[in-house]
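Peer 1: Numbering-wise, the sequence shown is residues 1 to 194 according to full-length UniProt numbering.
Treat the hints as calculated values from the structure; they're not laboratory data.
Where a beta carbon is used, it is the ideal one built from N, C-alpha and C, also for glycine.
One or more hints might be untrue.
As the list claims (entries may be wrong) - Simulated crosslink set (EDC-like; lysine to aspartate or glutamate; CA at most 20 Å straight-line):
no., residue 1, residue 2
1, Lys150, Glu122
2, Lys46, Glu68
3, Lys51, Asp81
4, Lys180, Glu68
5, Lys100, Glu122
6, Lys84, Asp119
7, Lys124, Glu90
8, Lys29, Glu68
9, Lys99, Glu122
10, Lys46, Asp76
11, Lys180, Glu160
What the hints assert, rightly or not - Here are the in silico distance ranges between beta carbons for each label pair:
no., residue 1, residue 2, range
12, Cys161, Lys193, 11 to 21 Å
13, Ala170, Glu140, 35 to 45 Å
14, Gly165, Ile79, 20 to 30 Å
15, Lys60, Ala170, 40 to 50 Å
16, Gln174, Glu73, 18 to 28 Å
17, Pro67, Ile89, 20 to 30 Å
18, Asn26, Pro173, 36 to 46 Å
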Amino acid sequence: MACRISRLTPQNSVLFVCDLQEKFRNQIKFFPEICQVGRRLVDAAKLLDIKTIATEQYPKGLGHLVPELGLQERPDIPIYDKSKFSMCIEPALAHLQGKKNVILFGIEAHVCVLQTTLDLLENKMNVHVVVDATSSRTQENRKYAFKQMKQAGAVLTTSECVILGLLGGADHPQFREVQKLIMESAPDTGLCKL
Numbered sequence: 001m002a003c004r005i006s007r008l009t010p011q012n013s014v015l016f017v018c019d020l021q022e023k024f025r026n027q028i029k030f031f032p033e034i035c036q037v038g039r040r041l042v043d044a045a046k047l048l049d050i051k052t053i054a055t056e057q058y059p060k061g062l063g064h065l066v067p068e069l070g071l072q073e074r075p076d077i078p079i080y081d082k083s084k085f086s087m088c089i090e091p092a093l094a095h096l097q098g099k100k101n102v103i104l105f106g107i108e109a110h111v112c113v114l115q116t117t118l119d120l121l122e123n124k125m126n127v128h129v130v131v132d133a134t135s136s137r138t139q140e141n142r143k144y145a146f147k148q149m150k151q152a153g154a155v156l157t158t159s160e161c162v163i164l165g166l167l168g169g170a171d172h173p174q175f176r177e178v179q180k181l182i183m184e185s186a187p188d189t190g191l192c193k194l
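Work the whole structure out from these sequences, hints included.
Peer 2: In structure tokens, the structure reads:
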């Protein structure tokens with residue numbers, strides 16, 4: 001039986017950025033690469049006028065989001081502190097009104113990203129997890145987190161698939177600007193080694 005995958009559009013989607021914080025920099029596999037891919041998603045969301053939400057897990061101890069994402073230059077992106085693993089806290093959930101899809105990336109795949117995915121699915125949202133912008137401290141945790149998310153009903157996808165899917169075609173008014181973001185291939189984030 002075929003599974004229906006909800007089509008992403010700028011109007012029906014929200015981008016969730018999960019906990020890419022300074023303290024994790026030297027612990028997460030492929031951290032610089034997933035940040036680079038994450039920045040492409042944040043920039044594409046800006047060009048396509050897609051609401052973006054970010055969280056920081058216990059920032060007092062784990063630091064703030066890394067500057068590579070460019071979120072500090074974006075006062076339009078709310079950044080919420082949290083202590084529970086899931087991003088599904090009241091202020092973040094308020095941004096889901098009228099939306100069907102959440103595009104999700106960040107760390108760690110087997111903790112905060114997985115818990116966010118499960119909560120969103122329970123809230124009847126379609127969840128598109130961007131695997132080349134999501135990681136963990138170990139490849140084993142990453143691999144099995146992706147398996148759990150897929151089995152729960154999330155769509156596992158790539159940054160380029162998301163970005164081009166949001167455009168819908170070369171006739172989109174922002175096509176040339178967004179195309180510049182993907183002209184260079186995304187960096188290797190270790191997925192072929194899983």
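Peer 1: Confirm or reject each hint.
Peer 2: Tested hints:
1. The suggested pairing of Lys150 with Glu122 holds, with an alpha-carbon distance near 14 Å, which does not exceed 20 Å.
2. This hinted pair checks out: Lys46 and Glu68 have alpha carbons roughly 15 Å apart, not beyond 20 Å.
3. Pair hint Lys51 plus Asp81 holds up; C-alpha atoms about 18 Å apart against a cutoff of 20 Å.
4. A C-alpha spacing of about 18 Å is found between Lys180 and Glu68, which places the hinted pair at or below 20 Å, so the restraint holds.
5. With a C-alpha separation of about 13 Å, the suggested pair Lys100 and Glu122 falls inside the 20 Å cut-off, and the hint holds.
6. The straight-line distance between the Cα atoms of Lys84 and Asp119 is roughly 12 Å, inside the 20 Å bound, and the hint therefore holds.
7. Among the hinted pairs, Lys124 with Glu90 is consistent with the structure: their alpha-carbon atoms are about 16 Å apart, no more than 20 Å.
8. For the given pair, Lys29 sits about 16 Å from Glu68 by alpha-carbon distance, which is consistent with the 20 Å threshold.
9. Under the criterion of a C-alpha separation no larger than 20 Å, the hint pairing Lys99 with Glu122 is consistent with the structure, at around 15 Å.
10. Among the hinted pairs, Lys46 with Asp76 is consistent with the structure: their alpha-carbon atoms are about 10 Å apart, no more than 20 Å.
11. Between Lys180 and Glu160 the CA atoms are separated by roughly 12 Å; this keeps the pair inside 20 Å, and the hint holds.
12. At roughly 20 Å, the beta carbons of Cys161 and Lys193 sit within the given window of 11 to 21 Å.
13. A beta carbon spacing of about 40 Å between Ala170 and Glu140 agrees with the range 35 to 45 Å that was offered as a hint.
14. Checked against the given bound of 20 to 30 Å, the beta carbons of Gly165 and Ile79, roughly 26 Å apart, stay inside it.
15. Checked against the hint of 40 to 50 Å, the pair Lys60 and Ala170 passes, with Cβ atoms roughly 46 Å apart.
16. The beta-carbon spacing between Gln174 and Glu73, approximately 19 Å, falls within the hinted interval of 18 to 28 Å.
17. Between Pro67 and Ile89 the Cβ separation comes to about 24 Å, which falls inside the hinted range of 20 to 30 Å.
18. For the hinted restraint 36 to 46 Å between Asn26 and Pro173, the CB-CB distance of approximately 41 Å keeps it satisfied.
Of the hints listed earlier, there is not a single one the structure fails to meet.
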